[in-house]
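Q: Residue strings, one per chain:
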Amino acid sequence: MKIKSILAASACALALGAGSANAETFKWSFQGDVQSLDPHGLNETFTLGFLGNVYEGLTYYDKNLELQPGLAVSWENTGPTTWIFKLREGVKFHDGGDFNADDVIFSWKRTLTAGSDMKGYGSRMKDIKKIDDYTIEVETPAPNPILPRELVFYYMMDKEWSEKHGSVEATSPKAADSTATYAAQNANGTGPFILTERQPDVRSTFKRFDGYWKDIPTNVTEVNFTPISQGATRVAALISGELDLVYPVPVQDWNRLEEAEGVSPLTGPEARTIFLGMDQWRDELLYSNIKGKNPLKDKRVRAAMAHAIDLNAIDKKIMRGAAVPSGLLIAPQINGHDADFNKPYAYDPEKSKALLTEAGYPEGFELGMDCPNNRYVNDEKICQAVVGLLARVGIKVDLNAQPKSKYFAKVSPQNGNDTSFYLLGWTPSSMDVHNVLYNLMSSFDTEKNTGQFNYGRYSNPRIDEIASNVEKETDQAKRQKMVAEAFSILKEDVGYLPLHQQPLSWGVRDGVTLSQRADNVLDIRYVVIGK
Amino acid sequence: MFKFISMRLLQSVVVMLVVGLIAFALFRFVGDPINNMVGQDTTLEEREALTESLGLNDPFLVQYGRFISNAVQGDFGMSYRLRQPVSGLIAERFPATLELSLISAVLALVLGVPMGIYTALKPKSLFSRSFMTISLMGVSLPTFLIGILLILFFGVTLRWLPTFGRGEVVDLGWWSTGFLTSSGLKSIILPAITLAVFQMTLIVRLVRAEMLEVLRTDYIKFAHARGLSPRLINFSIALRNTLVPVITIIGLQVGSIIAFAIITESVFQWPGMGLLFIQAVSEVDIPVMAAYLLLIAFVFVVINLIVDILYFVVDPRLRVQS
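Chains as they are written, first to last, in the working numbering: chain A, -4 to 526; chain B, -4 to 317.
To be clear, the hints were calculated from the coordinates, so they are not data collected in a lab. Every value quoted in this text rests on a predicted model; they were computed, and no experiment measured them. Beta carbons: idealized from backbone N, C-alpha and C, even for Gly. Possibly wrong hints are sitting among the right ones.
Derived DEER-like restraints, expressed as beta-carbon distance ranges [to be verified]:
1) A:Lys87 - B:Leu4: 52 to 62 Å
2) A:Gln247 - B:Leu153: 21 to 31 Å
3) B:Gly162 - A:Arg370: 48 to 58 Å
4) B:Ile17 - A:Lys87: 49 to 59 Å
5) B:Thr46 - A:Gly287: 32 to 42 Å
6) B:Glu163 - A:Ile126: 46 to 56 Å
7) A:Ala308 - B:Asn65: 46 to 56 Å
Bound-form chain A, shown alone (with noise of 0.2 Å):
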């Protein structure tokens, strides 16, 4: 199997040189359009990503997801919950406009708006000082290490802009009027690419913009985005010639692009951990023959399922062999990341065999699954797999896949997590670890909004306490300490069975070289066109 990493396509687009003064149009298709332009309408990571050709936050992250200073110059953490920010002078946005610390402190009060998606970001501030035009002071509720890294998606808009388009609020869902949507369909960042038409589902056209701030790779002056839904024509857009690059491509069309003349899929890991969930709060399973009791709170039996399901097999069999198995929530590439830990459970079935026997379920039981079927790479085919795995060793499953918009109604506890075992995805958006510490490894509490995708309700106090204080702590050796502690009790008590981090997947035209970044965002600055 022919895969490019990330390293060689950035090392040929040095090879190549960059920034040529001719014309050069970049054509690509995702499989959906963004549902905003406003940069505070949706905390998404399609959404923020292609918005980050033409908004910018104070920090960036670089190809290889490294946390780069952007509009700020400088950081610096003065107390244990104050920050002193120097901004870039000479930044202008699309319009001209000056970009200064005004426009920071508006664009912090608008995600704090009743429409805005950003208010968690939002909210880790408390307030934000003006020391001079270039310079403020950031204070936040409690000491928080990660502040710069939270910052990337916190994008910047221009006071004046906003206050002339009546924008000065975030549009949101249900904004009925269109004075307020000015945001959502007009655009005016401090980017490298200027919006210059769009039509929502249909196109969006950019051309680059000439007071850009950075010397960056790209030589692309024109770029046409159109989102096409279906998987087939997407792939058939790229190998006619007609697109440059499209994602995310199906698994099973590789072999097809590897064929095909003039174009190539680009694969590499993603930042997303699949894996498994299993009820462990209820008294007795909704989905199962098991009554009166729930097998899945013995953590003899979720150890069993965690022995029987065959990470490799699945990685081969139905990811190709592209899939990283995995033993943590949490991908390489994200922040806190402990190596010790990312050993899989073993797969040994006679031991799962032996454990069910132990537990009192010799011949095993029934169980219900819930799976999504058009969310993640092959997930209803992931599913499938598991369920054969489990029924080796006596625990017969019934699957439900449905589309993801039916999945995510029925498991999410706005439906009380009406499911007994499951499958999600998870790339934490601040690219930390705290962030799974906190919705899938504490206990589900609304009041403290912990553990809101636990949906499984694990919950083990020890872990709540170290989710608490790594938030706090800035001190990064003991933190990490903290991280590592969480780890191993969540290993031990079988909370989760991760199964891998899956595959990016994209399909290239040959001569076009760039960079995939590992959560799937595609940044045009690095888009280099060769001949």
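Add chain B to chain A, keeping to what the hints say.
A: Just chain B now, with coordinates in the frame of chain A:
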């Protein structure tokens, strides 16, 4: 005649109300729209606030009543997915669907009717037999497959025609047309053929069957006996009598071309209403689904009305009765 049309229009209102009611009763089973509207970091509390403010916690009859009372005032709400007024979205997509449907309908008629007549008049000729074989394939192959095969052959292998989209369009006031640019014309060929294949084969078979029936009747035999020219008999007398049932079916088919362009539109990423609808279904965009279903109900009612009026034109007996 006036009474007839106004009665029909009144009935159409009832049809649309019923369609809306059924649609709203079913929306509860489509899934949860909220998860698609917010990011993963949005708190449970905010999600519930959004559900409440969109009125999704209300019983479906209340939601339906609210939708209808707003719709009567011309307000179809905002799309959850694209955050734009639904009426604007549909108006933007309508020209694409109508142009595609018209071209396919014309294609199906212009090729289908003569082929049907030919196969009826010369049932034993080689051409007729090959037409019938091809039409059997057209009826049995799914639209999706035809579209993909056309894309592979003309788009990927030969690279003559674009594989997706509508090409460059020209705005004429509120109507955007792809007929005025070469990329627009090229883009419509494959989707129009895909959409037309099934309709065309249906028309061929229908015209042939009806024509064979009519040719066996006594008045045709009598016309032959009178010594009228075969040309006059076939085209003025036989064809005319063939057309009555054919018009009904074709009329309904035009409706279904518009309504069920969904598959063709999604295969070719054709930016029409069908694509808008299918994406609304997958993202549980209730306002778009509701407005689209009502519009389609309306289209069907109007087409049926036109078909009824055409009967008067084609069949003199109806005029005498009324």
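Q: With reference to the structure, classify each hint as holding or not holding.
A: Hints versus structure:
A C-beta distance of roughly 58 Å is found between Lys87 of chain A and Leu4 of chain B, which places it inside the suggested range of 52 to 62 Å. Between Gln247 of chain A and Leu153 of chain B the C-beta distance comes to about 24 Å, which sits within the given range of 21 to 31 Å. Roughly 32 Å separates the CB atoms of Gly162 of chain B and Arg370 of chain A, a value that falls outside the hinted 48 to 58 Å. A hinted range of 49 to 59 Å for the beta carbons of Ile17 of chain B and Lys87 of chain A is consistent with their spacing of about 55 Å.
One distance hint, 32 to 42 Å for the beta-carbon pair Thr46 of chain B and Gly287 of chain A, holds here, with the actual separation near 34 Å. Distance hint check: the CB atoms of Glu163 of chain B and Ile126 of chain A are about 51 Å apart, consistent with the given range 46 to 56 Å. For Ala308 of chain A and Asn65 of chain B, the hinted distance range of 46 to 56 Å is satisfied, since their beta carbons lie about 54 Å from each other.
Hint 3 from the earlier list is the only one contradicted by this structure; the remaining hints agree with it.
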